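Colleague: So the sequence lines, in the order shown, correspond to chains A and B. Each residue of the first sequence is one higher than the one before, starting from 1 at the first, in the UniProt record's numbering. Each residue of the second sequence is one higher than the one before, starting from 1 at the first, in the UniProt record's numbering.
What the hints contain is simulated information worked out from the structure, not anything from laboratory work.
Think about it this way: if two alpha-carbon atoms lie no more than 25 angstroms apart in a straight line, the pair counts; the simulated SDA-like pairs of lysine to any residue are:
1. B/K677 <-> A/D105
2. B/K681 <-> B/N623
3. B/K677 <-> A/D101
4. B/K677 <-> A/L106
5. B/K361 <-> B/D445
6. B/K681 <-> A/A92
7. B/K776 <-> A/L106
8. B/K677 <-> B/R925
9. B/K778 <-> A/L88
10. B/K778 <-> A/A92
11. B/K681 <-> A/L23
12. B/K677 <-> A/M84
13. B/K681 <-> A/L88
14. B/K681 <-> A/G94
15. B/K677 <-> A/G94
16. B/K449 <-> B/L375
17. B/K681 <-> A/L106
18. B/K776 <-> A/L88
19. B/K776 <-> A/G94
20. B/K681 <-> A/D105
21. B/K778 <-> A/G94
22. B/K677 <-> A/L23
23. B/K776 <-> A/D101
24. B/K778 <-> A/D101
25. B/K297 <-> B/D445
26. B/K297 <-> B/P230
27. B/K681 <-> A/D101
28. B/K776 <-> A/A92
29. B/K776 <-> A/D105
30. B/K677 <-> A/A92
31. B/K677 <-> A/L88
As the structure is a prediction and not an experimental result, all values here were calculated from the model.
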Amino acid sequence: MELVVASSVGVLTAGGVYLILRLRAFPVILGLALLSYAVNVFLFATGRLAINAPPVLQLYGEASYTDPLPQALVLTAIVISFGMTAVLVMVALGAYLEADDDRIDLEPDEEAQAETTAKKETGA
Amino acid sequence: MSNGGSLLPIIALLPFLGALVPGLMIRAGRTACASFTAVPTIAAIVMLGTMTPAVLRGEVLTAEIAWLPQLGLTASFFLDGLGLLFAMMILGVGLLITLYARFYLASEDPMGQFYTYLLLFQGAMLGIVLSDNILLLLIFWELTSLSSFLLIGYWKHLPEGRQGARMALAVTGAGGLAMIGGMLILGTIAGSYNLTDILQQGDAIRASEWYLPALILILLGAFTKSAQFPFHFWLPHAMAAPTPVSAYLHSATMVKAGVFLMARMWPVLSGTDAWFYIVSTTGLITMVLGALIALFKDDLKALLAFSTVSHLGLLTMLLGFGTKFAAVVAVFHIINHLTFKAALFMTAGIVDHETHTRDIKRLGGLRHLMPITALIGTAAALSMAGIPFFNGFLSKEMMLDAASDTAWAGSEWAVPALATLGALLSVAYSFRFIVHVFFGPKRDDYPAKPHDPPFGMWAAPALLVVMVVLIGIYPKLVGPVVAMAGAAVTGGELPYYSLKIWHGVNMALVMSVIAVVGGLILLALHRPLDRAWLAAPRPEAKAIFDALVDSLVAVTRRVTEGLHNGSMSRYLAIFVAATLALGYAAFTGGRMSPPTRELLPIPPVAAAGWLLLIVATALVVINHRNRFRALVLIGVIGLMVASGFVYLSAPDLALTQISVETVTIMLLLLALYFLPKTTPKESTARHRLRDGVIAVAAGGGVAALAMTFLMRDFSSISTFHLDNSYTGGGGTNVVNVILVDFRGYDTYGEIIVLGIAGLTIYALMEALLNGPAGRKLKAAPVPPDRSRDRHPLMMVVATRAMLPIVVMVGVYIFLRGHNQPGGGFVAGLVISIALLMQYMASGFAWTQGRQRMEYHSMIGWGALIAGLTGVGAWLGGAPFLTSIYGYIQLPLIEKFGLGSAFAFDLGVFLTVLGSVMLMLYSLSRIARHAGETVNVEPMDYDPSLRVQDKKPEAE
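When you get a sec, could you build the whole thing from the sequences and use the hints?
Modeller: As structure tokens, this is what we get:
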């Protein structure tokens with residue numbers, strides 16, 4: 001089972017990294033989603049794997065429990081990563097609507113243009 | 001060492017507190033503003049006055065406020081003779097400048113600002129001379145650079161002012177940086193950062209192998225501050241400041257800080273060959289060069305500026321000689337230079353103020369029009385020239401005396417000859433100041449009609465000139481002060497010296513006579529010399545400085561643009577590769593213990609799930625150009641991850657993952673409504689190969705890391721949570737108890753982050769819709785292939801029937817959260833999905849019209865409730881977020897537990913719900929803006945109209 005989890009984390013990371021290196025906003029967002037899965041599962045796994053041992057106390061009778069702390073941390077991480085994705089989506093959308101283009105890299109001429117406008121703004 | 005310095009921190013702090021006053025008092029008028037500026041200064045003088053008797057007796061007063069004593073960080077102050085002399089000079093001249101500036105500044109100059117800067121600067125200078133801890137001294141040192149920047153650039157509309165301020169800041173700031181290094185070395189050698197300790201350890205410091213680096217670094221700081229060659233060029237450019245600033249900075253304070261520091265460190269650093277050759281040579285060059293340039297300056301203030309450079313060189317040279325006699329002479333000349341130079345600057349300011357020019361070539365004959373000013377200026381300039389019966393004469397004689405005994409690299413005559421030359425030039429430019437400005441025939445082409453200024457304006461320089469003459473005639477007057485400060489510099493015992501006018505015919509007198517006669521001859525020849533000087537090529541310091549700055553800027557620009565070329569994928573590739581390299585280094589650098597855990601078996605279901613996940617991930621990567629398909633596949637991955645959580649004993653995570661998955665996909669679908677549906681093929685094969693290699697390496701590394709720790713046991717703090725969850729937190733679901741109790745503070749922070757994310761998205765949406773993008777959206781054509789049946793009957797009916805059920809499920813999940821998997825996070829997500837279904841099925845406007853609660857306020861209420869629950873613990877005297885719980889028996893239902901954690905979880909629930917809804921609502925609103933229509937009826941499609949199919953959509 002450990003091998004299953006470790007290889008899943010690895011494959012998700014590899015896919016995520018490949019996608020965030022693309023040139024358009026949408027694949028980058030997808031890549032970040034994959035990386036979020038990978039990181040969450042990775043953090044969860046630091047508590048080691050256990051089957052049939054949820055950290056819900058059995059008040060009567062003996063039971064074993066897995067480590068609850070990574071679970072608590074990952075729970076909030078899942079929700080926060082949603083928030084992060086949402087902000088990114090909004091920024092990407094704004095950039096696309098303003099520029100008619102969802103490329104994430106500045107072209108050399110675009111960069112020069114951005115610089116001159118920045119200069120104009122500071123100069124004014 | 002006695003204490004009794006308890007007032008010292010207050011004195012150092014007073015100007016800073018006082019700096020707040022002028023800005024307010026300016027509303028009460030200019031005189032009130034100036035008067036109140038004087039209050040902290042006068043208070044500080046009075047306090048210092050109470051300590052003066054003790055210091056005159058030779059005591060050293062100290063005060064210490066411990067901050068981090070383990071690191072040697074204490075705010076410690078001390079007052080000895082040297083400190084008292086400088087503190088009194090700073091405050092005394094500060095007071096005179098306050099008075100002078102009241103009359104000097106024009107009505108359109110913001111006077112409140114001026115006095116605020118002045119007090120800030122005064123406080124920084126006071127801090128330097130009173131600090132015992134050298135780290136504290138360094139802070140004040142930097143503060144003088146910063147506050148002088150504000151003062152020099154006070155006339156913001158003048159480009160020279162801004163450039164001069166920038167140059168002064170760059171030069172003195174850079175020197176300050178060097179000095180930080182020097183002081184740290186010094187503190188390390190001495191084993192203490194307190195000056196009082198360091199001053200005791202001169203021998204150890206001079207013997208240390210780190211002596212030379214420390215010396216050079218500290219001298220860099222002192223030389224830049226005191227405008228020593230080759231850093232002298234900033235000072236004349238700082239003359240663009242208003243004259244009161246020049247008078248203050250360049251007579252008594254800023255530039256004297258370097259001299260002060262050299263005097264302060266004199267017992268520790270002087271006495272070596274390195275000190276002698278570096279300091280005295282620099283001083284000598286500066287003295288002669290400054291005087292030479294001063295002679296050919298036509299701007300009154302520039303003349304005075306270079307004369308200041310020259311006199312600072314003189315002081316540096318005296319300190320550099322390393323003899324006790326020379327050091328005492330330096331102290332004496334500091335006092336004399338202060339009096340005549342401040343008076344001269346103020347005179348120059350008066351002349352400028354009255355005639356509207358500072359160009360010596362346009363002046364002359366002012367003695368007839370401005371007799372009082374002429375008298376003051378002449379007396380002060382005679383002192384600068386070193387004419388008997390003025391105080392400048394006394395210290396100049398002693399300087400020449402000291403110089404005549406000094407051999408430089410085996411040469412007996414080099415120092416005396418150059419010192420005489422310096423004095424000669426000094427005589428020449430001083431007389432030029434007198435003769436070319438005040439004497440000669442009255443002219444009729446002054447830019448303004450000059451007359452003497454009001455009393456308030458000439459009072460300050462007049463007072464200084466009275467001191468010039470008094471000291472000049474009766475030097476014993478300042479005898480105790482010189483003795484007190486001189487003893488502090490030389491470290492206790494004073495050498496033989498006598499302050500008197502007539503020392504008999506000696507070497508110094510001969511040199512002095514040569515200087516005066518030569519200087520007068522030089523002045524007579526000024527006109528041809530001036531032409532020759534102007535014709536000769538001279539290096540222009542400002543041009544060199546600007547070229548240096550420009551080349552530095554060019555280098556940094558090349559580096560920055562080389563690294564930041566605007567390509568985000570390149571940054572990310574570098575980032576991932578660097579992380580990989582670091583991970584590899586850490587991995588190979590350590591040792592691994594043998595595995596301790598047995599591997600768990602892999603059941604077939606898990607294997608199938610794994611296969612699905614791997615295949616889906618691979619397909620996402622392969623198919624990412626088709627964005628819809630990739631999105632669907634992402635959903636598959638999310639489901640597999642959630643199933644994994646179920647299997648691996650994490651029910652809470654599974655619930656959260658599955659609900660977050662749902663809203664994430666909805667969010668991305670909404671975004672995809674606007675974004676292009678496909679990704680074009682842009683990167684080259686080589687590029688893709690590079691990215692693939694990086695990605696595979698990263699994935700392999702993470703997998704190896706995960707596998708490594710999964711096979712090994714570890715010690716966890718979770719036993720505490722498991723043991724105390726029920727007894728201390730009142731819940732059996734340990735994950736939830738951790739969230740709302742043990743680590744409630746973390747959760748509190750996290751929901752606030754989520755709330756901020758929600759509000760950010762809302763704000764972005766507003767900005768977007770009100771900007772050019774919003775207009776573009778409005779004009780965008782509605783996609784023609786849109787289905788008319790956008791709100792299908794079945795879906796509308798089903799979602800409405802499901803709404804109460806889903807809400808009930810949400811409430812149930814929320815209520816049981818403390819004991820069973822669930823809780824505020826999951827419940828918030830579930831309810832938001834229920835609401836989102838309504839938006840999707842029945843349309844945005846229809847749902848929005850029936851929605852009574854603002855999502856913003858939901859976020860606010862959530863954060864407030866969670867926060868108040870935490871604060872509530874204070875009422876019981878417990879720390880923030882300590883939870884309490886008890887059992888409540890209501891009629892009809894079973895006894896149940898209720899804790900404050902419940903209220904906290906309610907806050908979490910509300911914030912999560914509000915944030916998620918606000919995010920998706922914002923995106924939908926953009927869609928609405930882009931020509932989405934509103935269905936007036938619950939269902940906007942009537943199947944019976946199929947034949948005509950022409951029903952217009954209501955807007």
